[in-house]
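Chains as they are written, first to last, in full-length UniProt numbering: chain Z, 1 to 390; chain V, 1 to 320.
Keep in mind that a hint or two might mislead.
In the SDA-like style, the derived pairs of lysine to any residue whose C-alpha atoms are separated by at most 25 Å in a straight line are [claimed, not checked]: (1) V/Lys259 with Z/Lys119; (2) V/Lys259 with Z/Lys104; (3) Z/Lys104 with Z/Glu121; (4) V/Lys259 with Z/Gly324; (5) Z/Lys119 with Z/Arg105; (6) Z/Lys104 with V/Val210; (7) V/Lys259 with Z/Leu384; (8) V/Lys259 with Z/Ile63; (9) Z/Lys388 with Z/Leu308; (10) Z/Lys104 with Z/Gly74; (11) V/Lys259 with V/Arg284; (12) Z/Lys104 with Z/Ile63; (13) V/Lys259 with Z/Leu328; (14) V/Lys259 with Z/His304; (15) V/Lys259 with Z/His92; (16) Z/Lys104 with Z/Asn126; (17) V/Lys259 with Z/Asn126; (18) V/Lys259 with Z/Ser370; (19) V/Lys259 with Z/Leu308; (20) V/Lys259 with V/Val246; (21) V/Lys259 with Z/Gln327; (22) Z/Lys104 with V/Gly156; (23) V/Lys259 with Z/Ala316; (24) V/Lys259 with Z/Gln380; (25) Z/Lys388 with Z/Phe15; (26) Z/Lys388 with Z/Ser347; (27) V/Lys259 with V/Gly298; (28) Z/Lys104 with V/Thr204; (29) V/Lys259 with Z/Ser306; (30) Z/Lys388 with V/Gly263; (31) Z/Lys104 with Z/His188; (32) Z/Lys104 with V/Arg257; (33) Z/Lys104 with Z/Gly324; (34) V/Lys259 with Z/Arg252; (35) V/Lys259 with Z/Ala312; (36) Z/Lys119 with Z/Arg240; (37) Z/Lys104 with V/Arg154; (38) V/Lys259 with Z/Phe15.
These are computed hints drawn from the structure, not numbers from a lab.
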Amino acid sequence: MRAQTPHGHVHAAPFLDVDTLIGDRDIEIVICCGSGGVGKTTTSAALAVRAAEAGRRVVVLTIDPARRLAQSLGLGELDNTPRPVVGIDTTHGGSLDAMMLDMKRTFDEVVLTHSTPEKAEQILANPFYEALSSSFSGTQEYMAMERLGQLHAQAEADARAGRRGWDLIVVDTPPARSALDFLDAPEHLSSLLDGRFIRLLLAPTRGPLRLMGVGFTLVSSAMNKVLGSQIIADVQTFVRACEAIFGGFRQRAEETFARLSSSHTVFLVVATAQRDALREASYFVDRLTEEGMPLGGLVVNRVHDSTLDVSAQRAAALAEDLEGTQQLEAEALRRHADLMRVAEAESALLDRFATARPEVAQTKVPALPSDVTALDDLRQVGVLLAEKDD
Amino acid sequence: MSEPRHTLHVVSGKGGTGKTTIAAGLACALATRGRRVLLCEVEGRQGLAELFGVHPLEGDEERRLTRTPTGGSVYGLSIDAEDALREYLDTFYHLGLAGRALDRFGVIDFVTSIAPGLRDVLLTGKVYEAVRRGQKGLPTAYDAVVLDAPPTGRIGQFLNIHDAVSGIAKVGPIRSQADSVAALLRARTTIVHLVTLLEDMPVTETEEAVAALAPSGTRVGTIIENMVSPSPFEPAVLADVAAGAVNLSVPGWDEQRNKTLAGEFAVEAARTLEQQVRHDRLLRLGLPLVQVDFDPLGVDAESLFAIAEQLTDQLALEAA
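Start from the sequences and build out the full structure, keeping to the hints where you can.
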């Protein structure tokens, strides 16, 4: 039922077949990434619903879903715990749980799990911790990874114990400032908390080298001068209290990275057919390739198209002829002309992407007439995702 | 005009709403008749360079991005928190060797990353400095500064400088820097514009941002509805079209073609009606609403001037 693209272009890009992907029992983790506002959450939720109804036992980890989309998944509030989604067709043996990430709570739990109650209390009350756990730009990414690690561990434990746990985790990544944040944040955070400066603060009197001692004096006097001694004291308290969990941060970040680069994971890059979204998508594709991360392909959301084979120019000319006599027809034709222009521009951009990265499989999801708010809407998006485009 | 001329325009909006495009369009609109306008970005994305099709803005360079058809110039600056901190330390403390040691020990990275609010103070501090040049009448002064600010989800926190650093700095140079910036943000010469699409989630985020900004004392001036498709028809007519109750007859077309066109038009009409509902929701905020039309050709450096024209027509843009 899909129409031809306006110029009858056949994209060079191979087709991204999401049904094969979710049907592959070896795939345990699907990660949807891309820039803000491209429909990542909708794509993740739609994939999760489709996989569950095809027989996978799925948990979907969302970051910041639109309220009504969250409601359609039965997520009334942010509570960090997977809850069963009501209304899923389970005749094929699948199931769907959904959860929304609460990054502060996840961080709190990490602290509570990895330190003594007294130390935990000290950490949780420190202003630096407050900032780190709620506003550091990489924390959300890091905590998404942390939570993913926890869900995966639980799934493995269930499997070992013979329980019917999850066999597929779908992850919606945070709306990154840039595509690279998601991959860089865990490393950045662990290097911050495990870095030279921290080690210095932790053991200022044990400076093993003279140079380091000199450096430290310089640093601490400069810090005192600029920040004031109260801040330094806060940092020191924070860092001391956190000492025990730093090693853990780095270790878990490395484990998560290893897990993500295995053949059980697949990354889907989500974009719209807009210049900036596709530029971010290109960065992402290149970066994933560089890091040896398994790339599934590109999901292009909100693609415009028409089944009416009348060009923008022709429609605009007709509209002009009918202006004044047939207002409705004229307006309908003007709208069609706009639609064709959009479709042409998008098609050109997608062609360019496909030419530059011919190995990246694509699937296109047409623009929907209204917001995705109900489970049925997600099913429909799932159908469109799976459908071959041209 | 009773309002003072605004010298700082802060532009925010949900991701995907065209915040950067509108910020650039606004900068072009403000750059009339020999005026110099500085357009700043703070998220390290080089979105301005991409938009204007120029090579990346590096370090503290303020490079001209474009001359406007109305005879002004728009300059671009990409603000980086770590650079800002180094510069700040150099200017105020003459740290020299110690400054380099701070860098070497990862202190710069550490404090700009996790010291609560410090990153935002540094970023807005650079903006503050650029605005102050105008007040001091320096030769490098700008007539206006436009800030492409973080998205709506973070804007309350970003502009609430006072609260942000209270956790770490009760006295000292950071505190006084934060106080100066906060005073600028609350000044009558500073105004926030929120960019939105007429869709559910961006409108919800806009409402939330207005609420989040209330305690900061920074004034929201306008809501800018981006990518609007206006219709010449009354809602009742559109409702009929959307319901499929209207037959079209384009001369020379067969029934099938007319039906297909009517179907397409019905979807468009339904969308226009939904946009109207979102518009009505925004009206309840009691703020001036400005519309920028959807451009089917997409956005490039040239189309910015068309956006600028629409903004000029609707905003009282202190062009005098």
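Comparing the hints with the structure gives:
Proposed proximity of V/Lys259 and Z/Lys119 is contradicted: the alpha carbons are some 71 Å apart, above 25 Å. With a CA separation close to 53 Å, the supplied pair V/Lys259 and Z/Lys104 exceeds the 25 Å bound. The straight-line distance between the Cα atoms of Z/Lys104 and Z/Glu121 is roughly 15 Å, inside the 25 Å bound, and the hint therefore holds. As the CA atoms of V/Lys259 and Z/Gly324 are separated by approximately 21 Å, the hinted pair is consistent with the 25 Å bound.
Taking the CA atoms of Z/Lys119 and Z/Arg105, the gap is near 17 Å; set against the 25 Å cutoff, the hint holds. Proximity of Z/Lys104 to V/Val210 is assessed by CA-CA distance (about 24 Å); at most 25 Å being required, the pair is judged to hold. Annotation: proposed proximity of V/Lys259 to Z/Leu384 holds, straight-line Cα distance about 23 Å (limit 25 Å). At most 25 Å may separate the alpha-carbon atoms for a hinted pair to count; V/Lys259 and Z/Ile63 exceed this at roughly 42 Å.
Restraint check: the Cα-Cα separation between Z/Lys388 and Z/Leu308 comes to about 19 Å, which is no more than 25 Å; the hinted pair holds. Only pairs whose Cα atoms come within 25 Å are accepted, and Z/Lys104 paired with Z/Gly74 is accepted, the gap being roughly 22 Å. Taking the CA atoms of V/Lys259 and V/Arg284, the gap is near 38 Å; set against the 25 Å cutoff, the hint is violated. In summary, the hint linking Z/Lys104 to Z/Ile63 is supported, as the alpha carbons are separated by about 12 Å, within the 25 Å threshold.
Between V/Lys259 and Z/Leu328, the direct Cα distance comes to roughly 13 Å. Compliance with the 25 Å bound is thereby established for this hinted pair. Of the supplied pair hints, the one linking V/Lys259 and Z/His304 holds, its CA atoms being roughly 19 Å apart against a limit of 25 Å. This hinted pair does not check out: V/Lys259 and Z/His92 have alpha carbons roughly 39 Å apart, beyond 25 Å. Between Z/Lys104 and Z/Asn126 the CA atoms are separated by roughly 14 Å; this keeps the pair inside 25 Å, and the hint holds.
For the hint pairing V/Lys259 with Z/Asn126, the CA-to-CA distance comes to about 66 Å; that exceeds 25 Å, so the pair is violated. Restraint check: the Cα-Cα separation between V/Lys259 and Z/Ser370 comes to about 21 Å, which is no more than 25 Å; the hinted pair holds. In summary, the hint linking V/Lys259 to Z/Leu308 is supported, as the alpha carbons are separated by about 10 Å, within the 25 Å threshold. For a cut-off of 25 Å, the pair hint linking V/Lys259 to V/Val246 stands: about 10 Å separates their Cα positions.
Between the alpha carbons of V/Lys259 and Z/Gln327 the distance comes to roughly 17 Å, so the proposed pair stays at or under 25 Å and holds. Taking the CA atoms of Z/Lys104 and V/Gly156, the gap is about 18 Å. The hint holds against a cut of 25 Å. For the given pair, V/Lys259 sits about 18 Å from Z/Ala316 by alpha-carbon distance, which is consistent with the 25 Å threshold. For a cut-off of 25 Å, the pair hint linking V/Lys259 to Z/Gln380 stands: about 23 Å separates their Cα positions.
Pair hint Z/Lys388 plus Z/Phe15 holds up; C-alpha atoms about 7 Å apart against a cutoff of 25 Å. A distance of roughly 16 Å separates the Cα atoms of Z/Lys388 and Z/Ser347; the hinted pair therefore holds under the 25 Å criterion. Among the hinted pairs, V/Lys259 with V/Gly298 is inconsistent with the structure: their alpha-carbon atoms are about 28 Å apart, more than 25 Å. Distance hint between Z/Lys104 and V/Thr204 is fulfilled; the C-alpha atoms sit about 23 Å from each other, no more than 25 Å.
The straight-line distance between the Cα atoms of V/Lys259 and Z/Ser306 is roughly 13 Å, inside the 25 Å bound, and the hint therefore holds. Distance hint between Z/Lys388 and V/Gly263 is fulfilled; the C-alpha atoms sit about 23 Å from each other, no more than 25 Å. Simply put, Z/Lys104 and Z/His188 have alpha-carbon atoms about 18 Å apart, close enough for the 25 Å limit, and the pair holds. A hinted pair counts as satisfied when its Cα atoms are at most 25 Å apart, and Z/Lys104 with V/Arg257 does not qualify at roughly 56 Å.
Proximity of Z/Lys104 to Z/Gly324 is assessed by CA-CA distance (about 60 Å); at most 25 Å being required, the pair is judged violated. As the CA atoms of V/Lys259 and Z/Arg252 are separated by approximately 59 Å, the hinted pair breaks the 25 Å bound. The suggested pairing of V/Lys259 with Z/Ala312 holds, with an alpha-carbon distance near 18 Å, which does not exceed 25 Å. Restraint check: the Cα-Cα separation between Z/Lys119 and Z/Arg240 comes to about 9 Å, which is no more than 25 Å; the hinted pair holds.
Annotation: proposed proximity of Z/Lys104 to V/Arg154 holds, straight-line Cα distance about 16 Å (limit 25 Å). For the given pair, V/Lys259 sits about 31 Å from Z/Phe15 by alpha-carbon distance, which is inconsistent with the 25 Å threshold.
When the structure is compared with the earlier hints, violations turn up for hints 1, 2, 8, 11, 15, 17, 27, 32, 33, 34 and 38 and for no others.
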